[in-house]
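Peer 1: Each chain, written out:
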Amino acid sequence: DAGITQSPRHKVTETGTPVTLRCHQTENHRYMYWYRQDPGHGLRLIHYSYGVKDTDKGEVSDGYSVSRSKTEDFLLTLESATSSQTSVYFCAISGIEGTLNYGYTFGSGTRLTVV
Amino acid sequence: AQKVTQAQTEISVVEKEDVTLDCVYETRDTTYYLFWYKQPPSGELVFLIRRNSFDEQNEISGRYSWNFQKSTSSFNFTITASQVVDSAVYFCALSGYNTDKLIFGTGTRLQVFP
Numbered sequence: 001d002a003g004i005t006q007s008p009r010h011k012v013t014e015t016g017t018p019v020t021l022r023c024h025q026t027e028n029h030r031y032m033y034w035y036r037q038d039p040g041h042g043l044r045l046i047h048y049s050y051g052v053k054d055t056d057k058g059e060v061s062d063g064y065s066v067s068r069s070k071t072e073d074f075l076l077t078l079e080s081a082t083s084s085q086t087s088v089y090f091c092a093i094s095g096i097e098g099t100l101n102y103g104y105t106f107g108s109g110t111r112l113t114v115v
Numbered sequence: 001a002q003k004v005t006q007a008q009t010e011i012s013v014v015e016k017e018d019v020t021l022d023c024v025y026e027t028r029d030t031t032y033y034l035f036w037y038k039q040p041p042s043g044e045l046v047f048l049i050r051r052n053s054f055d056e057q058n059e060i061s062g063r064y065s066w067n068f069q070k071s072t073s074s075f076n077f078t079i080t081a082s083q084v085v086d087s088a089v090y091f092c093a094l095s096g097y098n099t100d101k102l103i104f105g106t107g108t109r110l111q112v113f114p
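Sequence order for the protein chains is P and Y. Using the numbering used here, you'd call the opening residue of the first sequence number 1 and step up by one each time. Using the numbering used here, you'd call the opening residue of the second sequence number 1 and step up by one each time.
If you're looking for bench data, these hints aren't it; they were derived computationally from the structure. Take the hints with a grain of salt, since some may be wrong.
Listed below are the simulated DMTMM-like cross-link pairs for lysine to aspartate or glutamate, each with C-alpha atoms no more than 20 Å apart in a straight line [said to hold, decoys possible]:
(1) P:11 <-> P:38
(2) Y:101 <-> P:38
(3) Y:3 <-> P:38
(4) Y:101 <-> P:14
(5) Y:3 <-> Y:44
(6) Y:101 <-> P:73
(7) Y:16 <-> P:73
(8) Y:101 <-> Y:44
(9) P:11 <-> Y:10
(10) Y:101 <-> P:59
(11) Y:38 <-> Y:15
(12) P:57 <-> P:79
(13) Y:101 <-> P:79
(14) P:70 <-> P:27
(15) Y:38 <-> P:72
(16) Y:3 <-> P:59
(17) Y:3 <-> Y:22
(18) Y:101 <-> P:62
Among chain Y residues calculated to face chain P with C-beta under 7 Å, some are [claimed, not checked]:
(19) 35
(20) 40
(21) 43
(22) 44
(23) 45
(24) 47
(25) 50
(26) 55
(27) 104
(28) 107
(29) 111
Heads up, incomplete: computed chain Y residues facing chain P, CB under 10 Å, no partners named [to be verified]:
(30) 4
(31) 6
(32) 8
(33) 9
(34) 11
(35) 15
(36) 16
(37) 19
(38) 39
(39) 91
(40) 93
Note that this is a predicted model, so its numbers are computed, not measured. Backbone N, C-alpha and C fix where the C-beta goes; we use that ideal spot for every residue, glycine too.
Just chain Y, same shape as in the assembly (with noise of 0.2 Å):
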């Protein structure tokens, strides 16, 4: 079975705080895939990024940086420098071999204040 879990439920910090969201998956596959969705107050859910089970290099795009170790099955999220914009809910996903369904993390609140 898969899974995704988000250990943190909420998470306040002061604006220019660095900030990790934490994502532990598990999947008997090896072939996998991770996905980290943003959900701001409006309400919509934006992709963020995709990554393969075969690449484990760290990505970074501007203020936001993903790291990916298999060894521990995690995938997690660091928001450098955090802004009030960063403020909302995000999720962590993960689809298997063969197959386009998301299994969701129960998500993690950011808070960003000024």
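Bound conformation, chain P alone (with noise of 0.2 Å):
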């Protein structure tokens, strides 16, 4: 399996503070997304990346930046966080050798709870 982590796995934080979210991926793959998970929403694409300094948003961008400075690491940030982005969050990687079309590698899961 490629080698795909999040962090932190768990984690709660208070209305109006601003949370970073970290993938890091071991595998060179070039694209790297960042989606959240709810009940009846299946998973929705936040932001992705294309390559290094190099993102774009997706259908549920609003409240949320990234970046990427480095090939193997994507981070998400919720600049002041709401009870709506109470979720799970997914970071997935695609496209080995600039290859197109074969699916993600999901991280673990981030489940953040906002108080």
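Quick one: dock chain against chain with the hints and give me the complex.
Peer 2: The following block contains the structure:
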């Protein structure tokens, strides 16, 4: 399996505080993604990255920002956490050696609770 | 626009029953790819299958089989002789031409009772 880790695995934070989730990969995949999973909504794309310093918005990007300063790290920041951002967040990677359409490898997820 | 619809929110069966999970997709691309992922109660997302739009052959892997029909824009997943370990949420997903982004359906929760 590709090496992809998310940290932290669980986090409880207060409304209004900034939160950063980290995704780290060791397999040199080009593309990285952040999704959130909510009941009834499945997996929805927040932001994604085509490479270092090359990011773009997904369908639910409001209230989130990302950064990718190194190939292996993709950070997701909740600028001011709200209760509606309570969710399970998944990082995914794809595109090893420039290939496309072979699907994702997912991280284990981060369960975030905003109180 | 691309879209994936999994109309079945939840399915319950008794062990050894066969069960089919439906997936209907929308895309304007002529080249596209379809996927199924499994999410067991432990929460991780596990890749099951990838299919490209030019290959309509059905695929079988043990008790799992997939039926891809372009005429009805469907990519259905059948589990034969279901087992308790098949209990999970199953996601169907779509990616289009020249992009790796996946569009997911809302998932179907399968519960298999002993």
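Peer 1: Against each hint, give a clear statement of whether it holds in the structure.
Peer 2: Results for each hint:
1. Distance check on the hinted pair: residue 11 of chain P and residue 38 of chain P sit about 16 Å apart at the alpha-carbon level, within 20 Å; holds.
2. Proximity of residue 101 of chain Y to residue 38 of chain P is assessed by CA-CA distance (about 19 Å); at most 20 Å being required, the pair is judged to hold.
3. Restraint check: the Cα-Cα separation between residue 3 of chain Y and residue 38 of chain P comes to about 18 Å, which is no more than 20 Å; the hinted pair holds.
4. Pair hint residue 101 of chain Y plus residue 14 of chain P does not hold up; C-alpha atoms about 32 Å apart against a cutoff of 20 Å.
5. Only pairs whose Cα atoms come within 20 Å are accepted, and residue 3 of chain Y paired with residue 44 of chain Y is rejected, the gap being roughly 23 Å.
6. Note on residue 101 of chain Y and residue 73 of chain P: the hinted pairing holds, with a Cα-Cα distance of about 18 Å set against a maximum of 20 Å.
7. Taken as a hint, the residue 16 of chain Y and residue 73 of chain P pair is broken in the structure, with Cα atoms around 44 Å apart against an allowance of 20 Å.
8. Annotation: proposed proximity of residue 101 of chain Y to residue 44 of chain Y holds, straight-line Cα distance about 19 Å (limit 20 Å).
9. Among the hinted pairs, residue 11 of chain P with residue 10 of chain Y is inconsistent with the structure: their alpha-carbon atoms are about 29 Å apart, more than 20 Å.
10. Using a Cα cut-off of 20 Å, the hinted pair residue 101 of chain Y and residue 59 of chain P holds, with the two alpha carbons roughly 12 Å apart.
11. Simply put, residue 38 of chain Y and residue 15 of chain Y have alpha-carbon atoms about 18 Å apart, close enough for the 20 Å limit, and the pair holds.
12. Between the alpha carbons of residue 57 of chain P and residue 79 of chain P the distance comes to roughly 15 Å, so the proposed pair stays at or under 20 Å and holds.
13. For the proposed pair residue 101 of chain Y and residue 79 of chain P, the alpha carbon gap of about 24 Å is over 20 Å, so the pair is violated.
14. Taking the CA atoms of residue 70 of chain P and residue 27 of chain P, the gap is about 13 Å. The hint holds against a cut of 20 Å.
15. Distance check on the hinted pair: residue 38 of chain Y and residue 72 of chain P sit about 25 Å apart at the alpha-carbon level, beyond 20 Å; violated.
16. For the proposed pair residue 3 of chain Y and residue 59 of chain P, the alpha carbon gap of about 12 Å is at most 20 Å, so the pair holds.
17. In summary, the hint linking residue 3 of chain Y to residue 22 of chain Y is supported, as the alpha carbons are separated by about 14 Å, within the 20 Å threshold.
18. Proposed proximity of residue 101 of chain Y and residue 62 of chain P is supported: the alpha carbons are some 19 Å apart, at most 20 Å.
19. Taken as an interface hint, residue 35 of chain Y checks out: its beta carbon lies about 5 Å from the nearest beta carbon of chain P, inside 7 Å.
20. With a least beta-carbon distance of about 12 Å to chain P, the hint placing residue 40 of chain Y at the interface is violated under the 7 Å criterion.
21. With a least beta-carbon distance of about 6 Å to chain P, the hint placing residue 43 of chain Y at the interface is held under the 7 Å criterion.
22. A least Cβ separation of about 6 Å between residue 44 of chain Y and chain P falls short of the 7 Å threshold, and the interface hint therefore holds.
23. Because the smallest distance between the Cβ of residue 45 of chain Y and any Cβ of chain P comes to about 4 Å, under 7 Å, the interface hint for this residue holds.
24. With 7 Å as the threshold, the beta carbon of residue 47 of chain Y comes within range of chain P, its nearest partner Cβ sitting at about 5 Å, so the hint holds.
25. Given hint, residue 50 of chain Y at the interface with chain P, holds; its Cβ is 5 Å from that chain's nearest Cβ, closer than 7 Å.
26. The closest approach between the C-beta of residue 55 of chain Y and any C-beta of chain P is roughly 12 Å, which is over the 7 Å cut-off, so the hint fails.
27. With its C-beta approaching chain P no nearer than about 4 Å, residue 104 of chain Y sits inside the 7 Å limit, and its interface hint holds.
28. Among the interface hints, the one on residue 107 of chain Y holds; its C-beta lies about 5 Å from the nearest C-beta in chain P, closer than the 7 Å criterion.
29. Against a cut-off of 7 Å between C-beta atoms, the interface hint on residue 111 of chain Y is violated, since the closest Cβ of chain P lies about 15 Å away.
30. Taking 10 Å as the C-beta contact cut-off toward chain P, the hint placing residue 4 of chain Y at the interface holds, the least distance being around 8 Å.
31. Residue-level restraint check for residue 6 of chain Y holds (minimum Cβ-Cβ distance to chain P is 8 Å; threshold 10 Å).
32. The beta carbon of residue 8 of chain Y is not positioned within 10 Å of any beta carbon in chain P (closest approach about 13 Å), and the interface hint is therefore violated.
33. Hint status for residue 9 of chain Y: holds, given a least beta-carbon distance of 8 Å to chain P, under 10 Å.
34. Annotation: residue 11 of chain Y was flagged as interfacial toward chain P, and the flag is violated, the nearest CB pair being 16 Å apart, outside 10 Å.
35. At about 26 Å, the closest approach between the beta carbon of residue 15 of chain Y and any beta carbon in chain P exceeds 10 Å, and the interface hint on this residue is violated.
36. A hinted interface residue such as residue 16 of chain Y counts as satisfied when its beta carbon comes closer than 10 Å to some beta carbon of chain P; here the least separation is about 29 Å, so the hint is violated.
37. The criterion of a C-beta within 10 Å of any C-beta in chain P is not met by residue 19 of chain Y, whose closest approach is roughly 19 Å, and the hint is violated.
38. With 10 Å as the threshold, the beta carbon of residue 39 of chain Y comes within range of chain P, its nearest partner Cβ sitting at about 8 Å, so the hint holds.
39. Below 10 Å, beta-carbon pairs count as interface contacts, and residue 91 of chain Y has one with chain P at about 6 Å; its hint therefore holds.
40. Using the Cβ-Cβ criterion of 10 Å, the hint placing residue 93 of chain Y at the interface with chain P is satisfied: the shortest such distance is roughly 8 Å.
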